[in-house]
Every structure is written in structure tokens, then in C-alpha cells.
Amino acid sequence: MTERAAAARGRWSDAARRLKGNPLVVAALAVLAAVTVLAVAAPLLTPWGYDSLDWRHLAQPPARVAAHWFGTDRLGRDLFVRTLSGVRLSLLISVLASAVSLVIGVLWGAVAGFAGGRTDGWMMRFVDVLYSLPYLFVVIILTSLFPSNNIAVLLLALGAVGWLTTARIVRAQTLALKRREFIEAARASGVAPGAILLRHVVPNVLGPVVVYATLIVPQMILSESFLSFLGLGVQEPRASLGNLIYVGAQELESAPWMLLLPAAFLVALLLSLNLLGDGLRDAFDPRER
Amino acid sequence: MPSTLASAERPGGALPAVLNLARLGVTFDTPRGPVVAAEDVTLSVAPGECLGVVGESGAGKSQVFLAVMGLLAANGRASGSARFQETELLAATPAALDRVRGAGIGMVFQDPMTSLTPHLTVGDQLTEVLLRHAPLGAAAARERALTLLERVQLTDPAERLGQYPHELSGGMRQRVMIALALASNPPLLIADEPTTSLDVTVQAQILALLAALKREREMALILITHDLGAVAGLADRVAVMRQGRVIEVGTAARVLKTPQDPYTRRLVLDARRLDGTADSPKATPARQAADAAREPVVLAVTDLSVDFGVGRGWFGAQARLAALSRVSLELRAGESLGIVGESGCGKSTLARAALQLLRTTSGRVVWLGRAPAQLPAAELRSLRRDLQLIFQDPLGSLDPRMTVEEIVAEPLRVHERALDVRSRRAAVLATLAHVGLTAELAGRYPHELSGGECQRVGIARAVVLGPKLLVCDEPLSALDLPTQQQIVTLLAALRAASQMALLFISHNLGLVQQLCVRVLVLYLGRMMELAPAAALYAAPRHPYSRELLAALPSVDPDIQSARLKAVRSGEPPSPLAPPSGCVYRTRCPQARPVCAERVPAWEEPAAGEGIACHRWRELS
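Quick note, the sequences are listed as chains A and B, same order.
With numbering that gives the first Met the number 0, the residue at position 110 of the first sequence is 109, and numbering never jumps.
With numbering that gives the first Met the number 0, the residue at position 92 of the second sequence is 91, and numbering never jumps.
So that you can see chain A by itself, here it is in the shape it has in the complex:
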């Protein structure tokens, strides 16, 4: 009886309740929210732009000068603004790339799994072929083809690779779902295949996909930072976490804060996103209830 009364809530609110009970997840959400707000609000907090130069203060450590809370780099650019605009750009690119790859991946995987047979075979072989292309190589080719628009190329490159895993996960889920009786029930009552896909298949694969999404965002941040670190992604004077860390790494001995501050933000972001992903996975796992 009590069990029934308690169960009189949706699966999502059930998951939300379990998420709130997990202190690590709450902390991760707080960190994420704080970093995001800070990243969006940073230009309003200081007079400096990400590329404005302050000739009077070159390579100043944090808090030495009142105007530069995180210090400055060799060119006298404010590191607070640069780090947070780097966070903003990295977050933007990774969230966009994740969203693109999730949408493509979910549709591709659901259609392939649901159609089955030859269609499924060809769609998944295409995924296999893309998987086997060395993605760094593709990125290098793309950046040299379109040197002017690095961010768009970066998005394209990250998205092109990211959706492959999603498609595989979703296809496997769809194959399992397809054998469930409620899909057959929908067919038996005359629901068209497209409607079955959108109304019954996609909503039911979203649970694992939401979990995967929180794990794909940090992966995208890491890839973006890696590409920018290699000089293939975001280029100076624009700041991303990747190229800030690259520059900081060269100044490690003389000005360690130039590496440590952006790196600290990267670690905080990755850690809280991963914790959130783990928490979500636990919250959605029916065995936990």
C-alpha cells in the first residue's frame, strides 16, 4: 500500500528525487551553475576585453594589481576575462557539438535499429567506415581547407565524430525495445511506423542518452582543448581553455598561474560533469529503486 502511494509519481520526478539525495551531484550542479554564471557574466565584471592589452601590467601574478584578479599574461591581457571567456567558448562549442551529435546519433541509431534488415546494415556500415577514419587527420584536413573559420570547423569535426557512439548506443537500445510487447501493441492498433519511432522508441531510449550526454560534454571539452592545444582549434587572440593551457604550459616556470588557473577551471568542469553523469546513471538505473 505505502509502496503504491509512494510510486504515484513519474519516472523523471523519481529520478530527480534521487538526484537531490546525492550530495556529490548537488555539489557538481552548484559548481557547474557557478562557473556558467561566471563565464556569462565575466565581461560585465571587469572593464577588460579578452583581447585588450594593459601595457602597464605585463605578466602580473594574481591579485598583485587590484584591476587584474587572475593576473595578466605576457601581453598584458587580463587572465580573469581570458580564462572565463575560454570557459564560455569551450562550453559553447562542447554543448553545441554534443547536441548536434546527440540529435544525429539518436535519429540515425533509432531509424537503423527500427528499420532493421538491409537498411540497418548499410547505415551501421557507414558508421563503421567513419569510425575507422583517423579523426585527427580529418580535423587537420578540414582546418587547412577552411582556415578562416576555425570554430565552425571545430564544431563540424567534433560533431562528425561524436554522433557515432551515440548512434551505436541508441541502435542497441532500439533493437532491444523493438522486441518489447508495447511496440507490437502499437503496431497492432495501427500506429504508423514513423509515429511508433517518435512516440514509443525515442522517448524510451532518452534515459540512457541523457546519461551519455553528460558524459559526452566533458569528452567534447577535452577534445576541443586538445585540438586547440595542438593549434588546430581556437586560435589567438581568442581564448579557449585549450590554447590558454598551451600558452600557460610554456610559461610554467616563470608564471605558473597562467597554466594553473585555466587548468583548475578545466578540471572543475570535467569533474562536476562526470559526477553529474554518474549521478544521473544511478538515478535512472531501475535496479537502484
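No lab work stands behind these hints: they were computed from the structure.
Every residue gets a Cβ at the ideal spot worked out from N, C-alpha and C, and that includes glycine.
The reader is advised that the hints may include incorrect statements.
Unchecked claim - From the derived model, a few chain B residues whose C-beta atoms are all more than 10 Å from chain A:
{"#": "1", "residue": "L71"}
{"#": "2", "residue": "Q84"}
{"#": "3", "residue": "G362"}
{"#": "4", "residue": "R380"}
{"#": "5", "residue": "L388"}
{"#": "6", "residue": "F390"}
{"#": "7", "residue": "S396"}
{"#": "8", "residue": "K564"}
{"#": "9", "residue": "E617"}
Stated by the list, open to error - Each pair of labels, with its calculated beta carbon distance range:
{"#": "10", "chain 1": "A", "residue 1": "L129", "chain 2": "B", "residue 2": "L357", "range": "30 to 36 Å"}
{"#": "11", "chain 1": "B", "residue 1": "S568", "chain 2": "A", "residue 2": "G20", "range": "33 to 39 Å"}
{"#": "12", "chain 1": "B", "residue 1": "S568", "chain 2": "A", "residue 2": "K177", "range": "33 to 39 Å"}
{"#": "13", "chain 1": "B", "residue 1": "P46", "chain 2": "A", "residue 2": "A15", "range": "51 to 57 Å"}
{"#": "14", "chain 1": "A", "residue 1": "L229", "chain 2": "B", "residue 2": "E127", "range": "52 to 58 Å"}
Start from chain A and add chain B according to the hints.
Relative to the frame of chain A, chain B by itself:
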């Protein structure tokens, strides 16, 4: 002398009890406070005695014995006392408990597939247990394993030793489970719903096996089940549980013949309806077959065959499995046809082929005068509104992400597009009320409902458009007996209120006779006998129909124990290699050489009847 109900009625109380439960209680700590699963349970079982513990799901009967075995979920607590021989189990150390579980108490569960390790062969699993209990050599252990499999009457035991659990049928797996439980020669065997997921014929075989083992080993046996029929021929004493309490204990004959508690009386009445010894007034079919002859044909199936390709590899030749061969039937408005047979006989395939949910190999299907196979897909879908299906798994047939209201509204969204939101909602609520669900449930999700409620939602979805044909694919086999009875009553009422034809598929002849005017018996995808239900039950013509009827559990302990003694072993042969001639001949007690040579023709002794047997004339 303190004379409690339990001790007063135990026959031959001289033997000390093997297991003694005194005021046992089970409580679960949940985030919403403690939930009492069982309280004040006082029971005992002596060597060579079988105690039947009966109750609906949620009655706490399984939890009591999980507590005894120390297998409660982490948030469960047991109180009171549970003595096994000399050991107090509730206070035992983990090591002592392990000894008792290993050597003292054997357990058999409902689902033998999940209780066996999938990647180990039957032989490996058996010898592993044997070696843990006795220092045996590998050859000796194998020998013992073989003896055990022979003892549980598994066919081809030597071959089975090398097979994996998924290669065995449900009945064979349950026999392996029993062999595993017996490996250590335990003084007590606890069987928790051991036959619930099995066919009636196999259920009878397993029950007969348990009865024989109990007799020859002087073993105490506790049989936990919701099915009084399963208990009747086997249990010496019966305890009825409800809401965590034992409400009635006594000898099997006393409890089953003269039940005292009103709840027990209801259980016994429900069970007697199933074995045909009590009338079921509400479920009597409203129309007679003779009337129906003038009605339009809703579904006509002619010579329908369905083959499945199995073992498809890149190079290997594909084997053809004939799931259904040359089945014909006709169903008119207002008529009801039951289809019975063991699992694997093609019942569900027939339902899906008739509804064009799977590809048919040959034959013809006609819906309301139109052949769906020749129609374009969109037109076929629009015809589906008149032919609806109810599924076996009540929960699995409902989309877990949709509320009850969305689920029932879906057919309306597809077929009644003109309907606005408000009238759609009104139609959904009216249908829910019609199937006995309150409007309050409309916003719930399937996992928040009970099995019976889920099945009602499935029925509501099927009847919301007022279909001309309702196909029910084993709609009751996943439900408790009392719930089954409620659903049967509901289906009968729905049918009486409309001209809806009913195709009712079940392995349980007892349920079919309550709902259907005619019954078609299938075996290995072939038609064996078609007859009016009353005639089939009174005088079955086909030997297979007789076997099915004989396997129906009876609530009367005298009849049932006689039936169990007469049970014959045998399971359907593989449909990949069906026997020549008459497919049933390998199990048929009446088989003659002619049965192996020629396939018996489908003869029609009267209109609406049919039989495929060489010898039916001389046997009747």
C-alpha cells in the same frame, strides 16, 4: 495441553519437526517508514510431510521463507524464531547459515532460467554442487550427476549433462533445478512457485515428480504457490496466507473441502471454477453457436502456414521451422473461439499471423471480407481498428513512458483524428470506467499499477474503438488466480455488451471453457481437434485433448493425487524435426504403426467440429 490449530491437525505428530517457525515476522525499512510483509507466522513441517503455503502475490509467503534462509533484501528484518532441526536460523552466524543453506535446505524457484548460470553446462553446475558437499573424484561426481538427472526423469540425461540451460525447455530446466536442490540430500526442500511459469501438462509432471521424491526420501517439502490446484494432490497440510498473516491451517482435505475462512472459501471457489467443478454464472457465453451462423464472418483463415528461418549464418543453410502449418478457422461476429495447446504449439504465432503482424508463408487471411495482404500499408493500418489484441505480459505491453490516459488514447489519436482533446479524454475516461478502473488512475504510469490493473489498461486500449474482433494472447497467465477470475468476468461482460468476436488463446483449458463456445486444440502448429467447448470437456475425441484435460489441476485432494499418479511424462518434440505422420504419435498412448506412416486427414464429424486422428472413431 496447548492445542493450537497447527499442532492439533498434524498427522502423526510424533516426528520432530524439521522446520519450526514461531511468531515469525518480516519488516522492511523503506524511506516511508517500516512496511510489515509478514507477522506472527507460526508453522512447522515434519520429515516426509508436505506443507502447502497458499496466497496471492504480496501475501508475504515468499518473504517468510526468504527470511528463513537469511536471503531477505538488505532493508528487511526478521523477528520471532525459525528453528531448523537444532539451529535457530534467525540468530545463526553467516557461516552456520551457509551450512544450512548448502546441505540442509534445498530451494527451487519460479524461474529456472534465472536460477541457473547461463554460461555453465548442466553437468558443470551439478558437479560443482556435488563436489562442495562430498569429496568425490571427477568421474564419480559425473556419475552422481547422471543418477540425479535420471532421478528427476530428465530425458536423455547423459546428453543433457553437456547442454547449457538455454538449450532446455522450461520443464527440463525446472527438473535440473530440482536435481541441483537434491544434490546435497537435504532434509527439507522449499519450492517457491515451482510450476507457475510452466504448461499445465508439464506442471502436472513436475508436481508428480515432487510427490514421488517426497515419498521415497522422507523429505520435508514446503510448496509455496498461489494455485490451490498445485497444492491439492501433494500437500498433507495447507496454510493459507493473506496480508502477511496465516489465516487458516489444516490438513489438505479439511482446508480444501470444508474451508472455514471466507477468504479461503473464495480461493477454493475460484479454483473449482477452473477445474470445471463449479459453475461460473457471470462468464457463461451469451450466445449459442447456432445463432452465430447468420452473422457476418469477422475473421477467416484458410490453410495458413508460417515458417521461421532459424540458424541463419553467413554460409550455413537455413533451417525452416514450421511454426504453423495449414491452420484454418472461421470466426463470426459475437462468436468466441478458444485456442489451446502447450507452449510452442503455435498459438501466439496464429494470433499474430491472423492479425498480419508477422509474415505468413502461405494461406489466406480475410478480415471482414477483405484480404489485408493485398492492401497498401496505410489502408491495412486503418483496418486494424476493428481487430485488436491483448497481450500476455500486462506490464510489458504498456509503454513505460506513457500515462494510462495516453496509452488508452493512442488508438483514438490514430483512428479518430477528428476528435478534439476534450472528447478524446472523455472517451478514455468512459472506457477506463468500463473496464473497472477509476479516473484517478489515468495519470499514473504502468509501473505504478498492479498486474491486474495493467491488464485492464491493455483491455481498455483494445476496446476503446469498439473493435469487431478481440484477440487475447494468454492474457491471464501472468496474473494471480483471483485476478484471473476478475479479468475473465470482465472479458465476458465486454463481449456480452457488444457483438465483438473473441479469439482467446490459453494453455489453460479451465479458463477457455469459461469464455468460449468452441475450442481449437493445436499441437506443434497443427490442428488436432475443433469442438464445442462443452463436448470437448465431456468427451474429448483426440488423445491429445484427453491428455490436456487430465493435466488440469483439481482442487479435490483425492482426485488430484490420483491424477498425479497417472501423469505421463513427455514434452513436445522439437518443431525443427517433427515426427513423421501424426506429429502427436510420439506421446500418444494410442499410437499404432499407421500413425507414423500417414498424416491423419482433417475430418469434420459435424458442422463446426473437426479432428485429425487415424483412430478417433474406434477410440470414441
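Each hint tested on the structure:
1. The claim that L71 (chain B) is not at the interface with chain A holds, since no C-beta of that chain comes within 10 Å of its own (minimum 16 Å).
2. Every beta carbon of chain A lies more than 10 Å from that of Q84 (chain B), the smallest distance being close to 35 Å; the non-interface claim holds.
3. Every CB of chain A is more than 10 Å from the CB of G362 (chain B) (nearest about 20 Å), matching its label as outside the interface.
4. Once the 10 Å rule is applied to beta carbons, R380 (chain B) is inconsistent with being away from chain A; the minimum gap is 4 Å.
5. Not every CB of chain A lies more than 10 Å from the CB of L388 (chain B), the least distance being 4 Å, so the non-interface label is violated.
6. The beta carbon of F390 (chain B) sits about 5 Å from the closest Cβ of chain A, which is not more than 10 Å, so the claim that it is off the interface is violated.
7. A beta-carbon of chain A is positioned within 10 Å of the beta-carbon of S396 (chain B); the least distance is around 4 Å.
8. Every C-beta of chain A lies more than 10 Å from that of K564 (chain B), the closest at about 39 Å, which supports listing it as non-interface.
9. For E617 (chain B), the requirement that its beta carbon stay farther than 10 Å from each beta carbon of chain A is met, with the minimum near 44 Å.
10. As the Cβ distance of L129 (chain A) to L357 (chain B) is approximately 34 Å, the hint placing it in 30 to 36 Å holds.
11. Here the CB-CB span from S568 (chain B) to G20 (chain A) is close to 54 Å, at odds with the stated 33 to 39 Å.
12. For the hinted restraint 33 to 39 Å between S568 (chain B) and K177 (chain A), the CB-CB distance of approximately 38 Å keeps it satisfied.
13. For the hinted restraint 51 to 57 Å between P46 (chain B) and A15 (chain A), the CB-CB distance of approximately 55 Å keeps it satisfied.
14. The hinted window of 52 to 58 Å between L229 (chain A) and E127 (chain B) holds, with their beta carbons roughly 55 Å apart.
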